[in-house]
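Here are the chains, one letter per residue:
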Amino acid sequence: DAKTTQPPSMDCAEGRAANLPCNHSTISGNEYVYWYRQIHSQGPQYIIHGLKNNETNEMASLIITEDRKSSTLILPHATLRDTAVYYCIVRPRRTGNQFYFGTGTSLTVIP
Amino acid sequence: GAVVSQHPSRVICKSGTSVKIECRSLDFQATTMFWYRQFPKQSLMLMATSNEGSKATYEQGVEKDKFLINHASLTLSTLTVTSAHPEDSSFYICSAPGTSGSDAGELFFGEGSRLTVL
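Protein chains in written order, with the working numbering: chain A, 1 to 111; chain B, 1001 to 1118.
Don't read these hints as lab results, they were simulated from the structure.
Restricting the straight-line Cα-Cα distance to at most 35 Å, the calculated cross-link-like pairs of lysine-lysine (DSBU-like) are:
id, chain 1, residue 1, chain 2, residue 2
1, A, K3, B, K1041
2, B, K1055, A, K3
3, B, K1020, A, K3
4, A, K52, A, K69
5, A, K3, B, K1066
6, A, K69, B, K1041
7, A, K52, B, K1041
8, B, K1055, B, K1066
9, A, K3, B, K1064
For the chain B half of the interface with chain A, some residues (derived, Cβ under 10 Å), not all of them:
id, residue
10, V1004
11, Q1006
12, Y1036
13, S1043
14, P1097
15, E1106
16, L1107
17, R1114
Pairwise CB distance ranges, derived in the manner of DEER restraints:
id, chain 1, residue 1, chain 2, residue 2, range
18, A, Q45, B, Q1042, 12 to 20 Å
19, B, N1051, A, T56, 34 to 42 Å
20, B, V1062, A, R93, 19 to 27 Å
21, A, T72, B, L1026, 29 to 37 Å
22, A, D11, B, L1118, 32 to 40 Å
23, B, Q1042, A, T26, 19 to 27 Å
24, B, P1086, A, Q45, 26 to 34 Å
25, B, V1062, A, Q42, 18 to 26 Å
26, B, K1064, A, R16, 42 to 50 Å
Since we're looking at a predicted model, the values are computed, not measured. Glycine included, C-beta positions come from ideal geometry on N, C-alpha and C.
My request is simple: use the sequences and hints to build the entire structure.
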């Protein structure tokens, strides 16, 4: 039962930053925000996750609003290989808990 | 991060036959694994939760007798599509949660298995 809302599609120019929004207005206090992406015909790939602080790793940055009701995934310099469907998921950070996927955002990076 | 491997990556079978898909956690133990199904241009749909040493838990609307899941060891779960029909043609993906350190809470996915039923 997905608890997130994302725009169905976005375009981004190669080399520019891609900002992908996600609304999760019913997020609970113990739920983390996870981002995955799926390149065509492959299994999803983990990108980043966070609870309330902004996070950055080698792939992306995650900005979570202070009220935690929305977040933005930032790919700082999009490349053609970043073309994929990006999924935002909220769930408690416990091993046994399922991941329910929403519809995601199909990002197309344009040369 | 941890590695999850699926086999086969592609399988074509005749209608009425059964197909088994394997999911292995290569460098970690997984007491729980998840099986997803994905139709073209759609999102991943959770089918069932596979539990080592006990029965799988199926999501609402998923036929447990149609999709047999066996989690016989801490590194292997199998999904058998019994008496497959063309409408079962789909992309099946397994996943397992990380259990230690920075991997804890993260979900690792296999490469997926594309089933085509003729």
